[in-house]
Amino acid sequence: MSKVRLLVGTRKGAFVLNSDGKRKTWKISGPFFGGWAVYHIKGSPADPSRIYASQTSDWFGQIIQRSDDGGRTWEPASNQFKYQGRTGKHLWYDGKPHPWEFKRVWHLEPSLTDPDTVYAGVEDAALFKTTNGAKTWAEISGLRQHKSGSQWMPGAGGMGLHTILLDPRDPQRIYIAISAAGVFRTDDGGKTWKPVNKGLRSEFMPNPTAEVGHCVHRIAMHPSNPDVLFMQKHWDVMRSDNAGDSWTEVSGNLPTDFGFPIDVHAHEPQTIFVVPIKSDSEHYPPDGKLRVYRSRSGGKEWQALTKGLPQRDCYVNVLRDAMAVDKLDSCGIYFGTTGGQVYASSDSGNSWQCIVHDFPAVLSVEVQTLK
Amino acid sequence: MIRLILPFHLRNLARVQGEVALDAARPVTLASVLDALEAKYPMLTGTIRDRDSRKRRPLVRFFACEEDISNQAMDKPLPEAVAAGLSPLLVVGSVAGG
Numbered sequence: 027m028s029k030v031r032l033l034v035g036t037r038k039g040a041f042v043l044n045s046d047g048k049r050k051t052w053k054i055s056g057p058f059f060g061g062w063a064v065y066h067i068k069g070s071p072a073d074p075s076r077i078y079a080s081q082t083s084d085w086f087g088q089i090i091q092r093s094d095d096g097g098r099t100w101e102p103a104s105n106q107f108k109y110q111g112r113t114g115k116h117l118w119y120d121g122k123p124h125p126w127e128f129k130r131v132w133h134l135e136p137s138l139t140d141p142d143t144v145y146a147g148v149e150d151a152a153l154f155k156t157t158n159g160a161k162t163w164a165e166i167s168g169l170r171q172h173k174s175g176s177q178w179m180p181g182a183g184g185m186g187l188h189t190i191l192l193d194p195r196d197p198q199r200i201y202i203a204i205s206a207a208g209v210f211r212t213d214d215g216g217k218t219w220k221p222v223n224k225g226l227r228s229e230f231m232p233n234p235t236a237e238v239g240h241c242v243h244r245i246a247m248h249p250s251n252p253d254v255l256f257m258q259k260h261w262d263v264m265r266s267d268n269a270g271d272s273w274t275e276v277s278g279n280l281p282t283d284f285g286f287p288i289d290v291h292a293h294e295p296q297t298i299f300v301v302p303i304k305s306d307s308e309h310y311p312p313d314g315k316l317r318v319y320r321s322r323s324g325g326k327e328w329q330a331l332t333k334g335l336p337q338r339d340c341y342v343n344v345l346r347d348a349m350a351v352d353k354l355d356s357c358g359i360y361f362g363t364t365g366g367q368v369y370a371s372s373d374s375g376n377s378w379q380c381i382v383h384d385f386p387a388v389l390s391v392e393v394q395t396l397k
Numbered sequence: 017m018i019r020l021i022l023p024f025h026l027r028n029l030a031r032v033q034g035e036v037a038l039d040a041a042r043p044v045t046l047a048s049v050l051d052a053l054e055a056k057y058p059m060l061t062g063t064i065r066d067r068d069s070r071k072r073r074p075l076v077r078f079f080a081c082e083e084d085i086s087n088q089a090m091d092k093p094l095p096e097a098v099a100a101g102l103s104p105l106l107v108v109g110s111v112a113g114g
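Here the protein sequences come in this chain order: A and B. To convert, note that position 69 of the first sequence is 95 in the numbering used here; the numbers rise steadily by one, no gaps. To convert, note that position 74 of the second sequence is 90 in the numbering used here; the numbers rise steadily by one, no gaps.
Bound-form chain B, shown alone:
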């Protein structure tokens, strides 16, 4: 299972606490994780990536294995530690604004 950590506001919106466990399709990519997330929590559709373009929203960032992977291709495989559920994928709201 993939381990995903959502930001505060999206945890509230999805009514989850702590990490989210997802069964994502292989190869595990940002796109496949978000597909699984939006299937399980439809209210999150459009909050992390644009519904139509499927691009990351500008003030959302992704981190894996202590690396900022926000700008990597959505279909690029994630690190094996994430794919194996050993390390979480983090969705982070940018530190911006008031």
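Next comes chain A alone, as it looks inside the complex:
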């Protein structure tokens, strides 16, 4: 029988949760790296026993941890992230040039085929890669050296490269997203990049339709349909049918189109999930009701999913990396909140169970489907 393993990064450590295919009872291990913020923890699709974690602290900096036994034991790996070539400058909050400074790893994206190869998205925004299981990291510098790099500016949470999508059909094609620069795509394995933000509109920008500067919160793809992308932007839920070359808004009947995560059903490429948040000033659900919204048509028409979720006095947030879907026949969906709850659905979101009540604030949730 299949099993699932949830990997949860929190403000004060990492947790590993295991369940069988029914997903009703969970065994919790952790905290690992207690007291440290774990921005992201993700397993290799090529070897599920291999897991990487980004452990970070304002005091002691960045640590990368690696497990070779499914998260039972961990070893520190290299934490050396050195920008390649001329460090350069980007724009700071005051609009003045500011040197690129490495702060932390926001996102780890293991290769689809090689457990030793991992991409790391970091703050200040850059993309790094290891091909030796995190013993060493090298910057894919073509991205940061894009001609627009000097105009990138941090969002309120920092200038993080937070999303990395690998095209399963073409290993040369990678998408990344940066707050607040937007989405970039490479078609040559990272040598050259181009902004793919046409159709995005951000009213806070001097030019709301500029090529770069958009605060993209998250993008998602279904592996069977990699030219179709979905985006949760600072405001607006967007969709592209041409690998990001152009985007159209699909917010439709959502109660608010602000939010952070977006994800795609494992078996239905047009079924997507978001968690609407009231506004960028409030960062909690509208009306105190925690609702996942599902569209079965790739956007525009949305249905509130509420069964098992708190429908009064709920004022948590769900961060951009804190939602994931499993690949079991009845697709499971998971998300964690800044209030420390983890919710799970084993029926495509129709009903939900709170499987953890009292973790530290959840920063990321990933799931592995195991045989």
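Hint data in this document are derived by calculation from the structure and do not stem from the laboratory. The structure displayed is predicted, hence computed values, not measured ones. Virtual Cβ for every residue (Gly too), placed ideally from N, Cα, C. Misleading hints may appear alongside valid ones.
Claimed, not checked - Quick list of in silico lysine to aspartate or glutamate cross-link-like pairs, EDC-like style, CA-CA up to 20 Å:
| no. | chain 1 | residue 1 | chain 2 | residue 2 |
| --- | --- | --- | --- | --- |
| 1 | B | 71 | A | 275 |
| 2 | A | 129 | B | 68 |
| 3 | A | 326 | A | 392 |
What the hints assert, rightly or not - In silico contact screen, one side only, chain B against chain A (beta carbon under 7 Å); selected entries:
| no. | residue |
| --- | --- |
| 4 | 45 |
| 5 | 59 |
| 6 | 62 |
| 7 | 90 |
| 8 | 100 |
Got chain A sorted already, so can you dock chain B onto it with the hints?
Same frame as chain A, but now just chain B:
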């Protein structure tokens, strides 16, 4: 041997308990102690001082003989009591944040 006391999180990271004993090069300075520490515990590289600039991380402090020596030059000799192993060098995480 130099006696070094690491903060809780770095003891966990290095998997050590209590004090760390280090054989640092003479003259004993913050730099030579950290060189010895990072050679013995490579996972601590970059956690106390920046890898490239070799500067102390902003929220890390150093104490020796009940004095805050965080801002002294990395190549300045440490007090003889520390160099002789009579008194420990303390690496402390600043009291800040939540």
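Each hint tested on the structure:
Restraint check: the Cα-Cα separation between residue 71/B and residue 275/A comes to about 48 Å, which exceeds 20 Å; the hinted pair is violated. Distance restraint check for residue 129/A and residue 68/B: the Cα-Cα separation of roughly 14 Å lies within the 20 Å cut-off, and the hinted pair is therefore satisfied. Restraint check: the Cα-Cα separation between residue 326/A and residue 392/A comes to about 26 Å, which exceeds 20 Å; the hinted pair is violated. A cut of 7 Å between beta carbons decides the hint on residue 45/B: the least distance to chain A is about 21 Å, and the hint is violated.
The beta carbon of residue 59/B is positioned within 7 Å of a beta carbon in chain A (closest approach about 4 Å), and the interface hint is therefore held. The criterion of a C-beta within 7 Å of any C-beta in chain A is met by residue 62/B, whose closest approach is roughly 5 Å, and the hint holds. For the restraint placing residue 90/B at the interface with chain A, the shortest Cβ-Cβ distance is roughly 17 Å, beyond the 7 Å limit, so the hint is violated. Taking 7 Å as the C-beta contact cut-off toward chain A, the hint placing residue 100/B at the interface is violated, the least distance being around 28 Å.
Going through the hint list in order, the structure does not satisfy hints 1, 3, 4, 7, 8.
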